[in-house]
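Novice: Residues per chain are reported as follows:
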Amino acid sequence: MKFKNIQLLRAFLLSFVLFSCSESEPEEPKGAYEQGILIMNEGNFGTNDGEIYHLDPATQALKSNVFEAENLRPFAGLLEDIVAAKGNLYLVSNTGKVEIVDAGTFKSIGAVSGGLDQPRSLEVVGSKLFISDYGPYDASYATPDSYVAVVDGLNGGLISKKIKVSNKPEDLFAFGKYIFVAGSEEGKVEIIDAEKEEVIKVLEVDGHPAQFFEFNGTVWLYSIDDEEVYFQTFHLDNLTKATTNALPVSNATGRIAIGNNNLFYLITSSGWPDYADGVARVSVLGPELDLDWMRGSGFYGIGYDRNRDEIYVANSNGFQSNGRITVFDKEGMEIRSFDVGRGPSGFLFYN
Amino acid sequence: MILFLWVVSLFGFIPVSQDTVVLTEVEVYAPVLDRFAQGQKVISWNKKKLEDFQGRSLADLLQEQSPIFVRQYGAGMLASPSFRGTSAGHTAVFWNGLPINSPSLGQSDLSILPTIAIDELSLQFGNAGALFGNEAIGGSVHLQTRPEFGKGFKTSLVQQVGSFGKFNTYLKGGYSTKNLSLSTKIYREYSKNNFPYRDLGQIGTPEVKEDHAEFNQRGFVQDIAWNFKSKNQLKAAFWYNEADREIQPLMGSSTQDLQSDQSIRGVIDYFRFGTNSVLNFKIGLVKDDLLFNQSLSKTDQYFFGGDWDKTVSDQWTIKGGLRFSQIHANLSSYSSSDQRIESYQSVKFEASDRIAFSLNLRELVYQDQWAPFTPSLGMDWLLLKNDEHELMIKSSFGKGFKVPTLNDRFWQPGGNEDLLPEESISGEFGLTHQIFWGVHWSNSLTYYRMNVDNWIIWLPKGSLWTPANIRKVSNQGIEYEGAVKGKIGVWNWGLKWSYSWNRAVSIKGIGESDPSLGKQLPYTPQHQSNGQFSLENNSFSAFFGTFFVGQRSITADNPRLMPSYQLVNIGVSYQNIHFKKISIPVSIQVNNLFNTDYQVLYLRAMPGRSFQFNLSINL
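Each protein sequence line maps, in turn, to chains S and V. Heads up: the first sequence is residues 0 to 350, going by numbering that gives the first Met the number 0. Heads up: the second sequence is residues 0 to 618, going by numbering that gives the first Met the number 0.
Pulled out of the complex, with its shape left as it was, chain S reads as follows:
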């Protein structure tokens, strides 16, 4: 009935130096929406009222419903992920479309609208878009036909191929010509060769993969199960698993923010009967392991502004009303709070 799976977000922009060209292009002035913080509001199932808010953290000026304001039409979808790449912003809607806007102006420049089922995330390699998708539900609400869709064209277009992957793929991560797929249900990481457009390797990993991120010079996977969370790394030369750090954080929801000083902030939710939410603060490289760093209820998303050392916690208000963001300092003291859109679930910090 009510499916509100954990969605993932890109906590910050990744810049890759691996294939950077030798000539440096003159830096263009940044557009209004390419600075500050984008707040992703997922929207309510059955209402399609997902939207983006923009916050200028210096002045705290908040602009609501940016997509509708710039395009004079509603976003009309459930916003699952925002991916910034090559001057574009890819707005991935769980309702079966990807809207593509100019990152600076938020003006619509394209879309992928046909052939998707329940897209979750996106990655760009060369001129191709790779879109993870649960595929359709079967009779028992399982998703045995999950795939990664391929679209040739940075501004969207038609799907040229669907690459079958394990059930419920979530986050994607591009490394060179490879795309790592977080196979959340079956505990797998599939690696797709972007040129051949096929899975070339399947790695068994611990927990349910939730999100990839770059940290300390390598690629990490954050995954969860009921009792523990896992931080795993990969050998990028031969595409095998490298290290696994398991931490005793129970009931993690899969939402993570990467702070400064090797600290990670993880949302937890105790479930029945107390339904107490919290934030655990942990470190992989350091000794920090504070399972009870923050307590509350209704936590739905989390982000970390590494410039200002501020943590953003999103409360969904049960999707009955619009959500609310509370900003804390790095010690967890509340600084301010403000209302945003329906089901705030993630942030994109331009730093």
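Among the hints, erroneous ones may be present.
[What the hints assert, rightly or not] Interface residues of chain V toward chain S, partial, derived using beta-carbon atoms under 7 Å:
#, residue
1, V207
2, A555
3, S586
4, Y601
[As the list claims (entries may be wrong)] Below are the DSBU-like pairs computed for lysine-lysine, each with C-alpha atoms no more than 30 Å apart in a straight line:
#, chain 1, residue 1, chain 2, residue 2
5, V, K177, S, K62
6, V, K48, V, K177
7, V, K191, V, K297
8, S, K106, V, K208
9, S, K161, V, K208
10, V, K208, S, K160
11, V, K208, V, K46
12, V, K281, V, K46
To be clear, the hints were calculated from the coordinates, so they are not data collected in a lab. Ideal Cβ positions, reconstructed from N, Cα and C, are used throughout, including at glycine.
Could you slot chain V onto chain S? The hints should help.
Specialist: What follows is chain V alone, placed relative to chain S:
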């Protein structure tokens, strides 16, 4: 006015009621609606008025001609009623006295209750847990078939053709003698529903044709009534309905969901008429199969009950009864069953021919729990009656309740067996004034106030959604209705209009900082109105109807409001085509005359202007 203030000061809040429509002639087995609903607001549509809506759904009728708001999820899609700011699950729906709401969902879909299947429709407003039991919080909807006696043989065939592939066929036949009545109806309603709309979910918002909203409904209704040994009647009704629908996706969604609903409803009543008394035994069956894509939900409800209604004296009438319900549910996520026993008692006291009071009580037990005890008290007082005027005061107070639905209690994962029933209390006060000056002019005004507590909502908890008794809601409102009718030469004309104001706010929500506190509930317009003008003579009739729905918010804290809209429908018909004994009435109507672009619910496309042509052959 003094009395009005007296009621306010005595009870702290003002309950009000009014009655716009003179109830149909009281039959010996008149439902409780007519006998013990003193002080309650009731609106009814008879067979002829329902025939005007043939080919359109109950949802359209209620939205266009009553103060309730119908939440329509697209053309021919799920349509659920909201009485006085309550939710769809706060409306009890009865067919020939059987509660037909789905026990798993706790509501009915008005789109798949075709008007052809019934002969009479009544709406009762406000808490009536005592009279009608579970779910009668905002109000109740009563669908009736009515046997006719002594009318001989009648048949008719109706064919309707309309825009967007509409093609409806109705075949009715009836035979009745003084003691036996048989009636059969067979119908098919089909619409391709490929209406054009502006797709806000696509770049450039192009105009596209809806390609996934096909509606195909078929059914069969059989009524039998038999009077025997002068004081006995056996009455049976059977209704089979099946509806196959492509579920119209939200704009911006690409879902291709399919839904098939199959319902079997059957009821047998035995009446024994004594001296000033009626004894009734009733058995009933309501069986619903809902196939959503490949996921099947089956629910079966069996009812067995009886009651005894006795007119003790000129002043006192009493009634008492018992009902057992056995419910089985078999869904993809869970299987469960529920048993309910309820007893009810009613007393009516007619102090004079001008003033009558009623007291109703009901106690219900489900599983091992008591539902809240629900009394209600009502009064009708004909304050003034002469050749020119009639002024009536209606007032009632009552409680209502809703047993948590089976999905609320047992859905896996997330169902919560510890849920308490939702509970409500309401009161209303109304005035009805009628003037007879050549034209017949009536005005009625109702003020109501209601609280609903332990309102169940589903909330996300971690990665799971689960229901809890969260919300408390305070509702109040005013409903005004006016009508005037008269005759000029051979022409009968009539004008009806209504306006309702409804304020329904959350007074308790998720914690103290819940931004919805003090705000209007989502998808609950504060203002609604409608009006109809009709003109007819022996062979020709025409109507003009319009209705207005005010702004609605999408979320409980009201940051985004959907625009109000007003639609206009018109129609003409000509009845005077005869061929020997056969009459062939024809009619044409235009719905949404001005091709207004509107949405009832956010991003759910609705059709623009449409035409409908009806041809009947009556024998």
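Novice: Look at each hint and say if it fits the structure.
Specialist: Okay, the hints, checked on the actual structure:
no. : hint            : result
1   : V207            : violated, 12 Å
2   : A555            : holds, 4 Å
3   : S586            : violated, 37 Å
4   : Y601            : holds, 6 Å
5   : K177/V - K62/S  : violated, 74 Å
6   : K48/V - K177/V  : holds, 26 Å
7   : K191/V - K297/V : holds, 27 Å
8   : K106/S - K208/V : holds, 26 Å
9   : K161/S - K208/V : holds, 28 Å
10  : K208/V - K160/S : holds, 27 Å
11  : K208/V - K46/V  : violated, 35 Å
12  : K281/V - K46/V  : holds, 24 Å
Violated hints, in rising order: 1, 3, 5, 11; the structure is consistent with all others.
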